[in-house]
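Asks: This is what each chain is made of:
Protein chains: 2
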Amino acid sequence: MKTIQLNNRPVGVPKLSDFKMVTEEPPQIIEGEMLLKAIHISVDPYLRGRMMEGKSYIEPFELNEAISSGMIAEVIESKLKDFSKGDFVSGMLEWKEVQVSKGEGLLKVDAKKAPLSSYLGVLGMTGLTAYFGLLDIGKPKAGETVVVSGAAGAVGSIVGQIAKIMGCRVVGIAGNDEKVEQLVSEYGFDAAINYNTTESMTQAIAEACPNGVDIYFDNVGGEISDAVMMNVNRFARIIVCGAISMYNATSVPIGPRVQPILIKNSVLMQGFIIFNYMERFGEAIPQLAKWLQEGELTYTETIVKGFENTPQAFIDLFEGKNKGKMVVEV
Amino acid sequence: MKTIQLNNRPVGVPKLSDFKMVTEEPPQIIEGEMLLKAIHISVDPYLRGRMMEGKSYIEPFELNEAISSGMIAEVIESKLKDFSKGDFVSGMLEWKEVQVSKGEGLLKVDAKKAPLSSYLGVLGMTGLTAYFGLLDIGKPKAGETVVVSGAAGAVGSIVGQIAKIMGCRVVGIAGNDEKVEQLVSEYGFDAAINYNTTESMTQAIAEACPNGVDIYFDNVGGEISDAVMMNVNRFARIIVCGAISMYNATSVPIGPRVQPILIKNSVLMQGFIIFNYMERFGEAIPQLAKWLQEGELTYTETIVKGFENTPQAFIDLFEGKNKGKMVVEV
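From first to last, the protein sequence lines are chains A and B.
My numbering applies: residue 40 is where the first sequence begins, and numbers increase by one.
My numbering applies: residue 40 is where the second sequence begins, and numbers increase by one.
Okay, chain A solo, but in the shape it has when bound (with noise of 0.2 Å):
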């Protein structure tokens, strides 16, 4: 029974010996358990900030321990009354082929109504990150102009379509031409643009958005974002989702300060993490499912198999080699 534990806290870019893989006895269980065989592990940008030391919303991970992430497994044996063998679960769990479980925060999903992946994807947190970012912070109306940077990532390719749900021009940023072209055919959006061989975002995000910028989804930080923030409007709305260019970062990203653009515009920067919500995911997931079903939501995959394969998946995010959400199949 293999894990994967923290071996080093990894400085800038995460390398694979920051990880190490040991083989553990199998598990047993006792009355009140259960056993949970992996089969679906989400990688996530934010999981490089539990990698470090110190205060944050949630408890870094410890040395020579499991990592834990989005997973969803399966029941093959169960001693208590609401799990049984065969169910499906979705929820925080280890990086462990086989683990015990008390059932604590795991919610049953249903492998006939959508594929098991989608509850870590559209249907799980990154589904959930965008509509309560988008919706909740960004508070869109029909007409204005939404900007998303990491658009073609998990949760960027979902916010751009919940904003042409909601009638918004909506334009996509993304690192290459391939990402640049599904953002338009496949998921929809007006415009999008390729950072890496665009020479002023600046400018270019100026061009795709003819009545400036109402919403910024911000997936990435750095550069990017500083483009478009010089083409807010006056009460924009910043959604600081993510810093993807941030989090590798061995000293104080340094940039131009941001007050006197929010002032001069009013502006509206709004940090969040989809643990927030928590208590509303209830009246997401259902809609997230209609649209999905209907056709007005269509998501994106980058599969990589193999467990041992789960450290090289993480450290792919941060090359963007991921199309929409990154998931290892064990």
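Treat the hints loosely; a few may be bogus.
Copies of the same chain look alike in the list, so a pair counts if it fits in one copy or across any two.
[Claimed, not checked] With a straight-line cut-off of 20 Å between C-alpha atoms, the simulated SDA-like cross-links for lysine to any residue are:
1. Lys-303 - Leu-86
2. Lys-76 - Ile-115
3. Lys-178 - Phe-274
4. Lys-303 - Glu-98
No wet-lab data here; the hints were simulated from the structure.
Given chain A, put chain B in place with the hints provided.
Replies: Chain B alone, transformed into the frame defined by chain A:
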């Protein structure tokens, strides 16, 4: 009849030569107009922005035209039915000893109810800015910790007192020991920090705010704000009201990027200008007047005498020479 015009667009710190005094013929009024004599002129940091060219929420001042700001004036002749000789009015007026007005945007003020200059300060834009910024954006709850920068200034000193009324712990930041002393003894702040003599502002704020910072009312921006940001709590609110430390910058001010802190702590940053709340002034002014009458609110003015000293009074704001509201007595 003298008027003060913008002579040059200032580069960096404004200089006296950026202004010029011009003598004009005394104006005549026709039906539907009145003649106003300047009594008090408000000088405010935000005027620096209007001296620059470029799109903003408010038109830039024109070169070789009179500057305007909040003023109190006396009606010396009237051909308007709603205004009589001897009335006092408050509103955006031009830096002219005598000027013609049609009464648009002017409010009558009562010299018997409060000193005339207070209608530029605690009962004017200053008080309204403090009121709406703190209460509408900050939403203070009793027991929370509020930090105010530029705390001995016109807006900051009112913010701190309203925060005390709301039952908060209030910590002020100011630039000399006299101001720091005043914050505690006159305005009732719980603690105050002199940023000019404090080695580590981050640590000083941590010590003054043992429960962290829930609300930061920011009048200054720059490194002081960086230090406050290091101490914000989960769900903190940052009211971005002013950035006096940046108004004279000749290149884009650079500093630590805020996004990682906003995400980690689910922090709100909201820029605003008081004109956003125009429709709600009517609810705030009676409340401010009531607090003033009941002695819950006190204010300080730095009165500069002489119309011709208006430019110097404005320039002095950037060296913090004012205590409380800076007003010119014509």
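Asks: Hints first: check each against the structure and report whether it holds.
Replies: Hints versus structure:
no., hint, result
1, Lys-303 - Leu-86, "between (35 Å within a copy, 12 Å between copies)"
2, Lys-76 - Ile-115, "within (7 Å within a copy, 88 Å between copies)"
3, Lys-178 - Phe-274, "both (11 Å within a copy, 19 Å between copies)"
4, Lys-303 - Glu-98, "between (38 Å within a copy, 12 Å between copies)"
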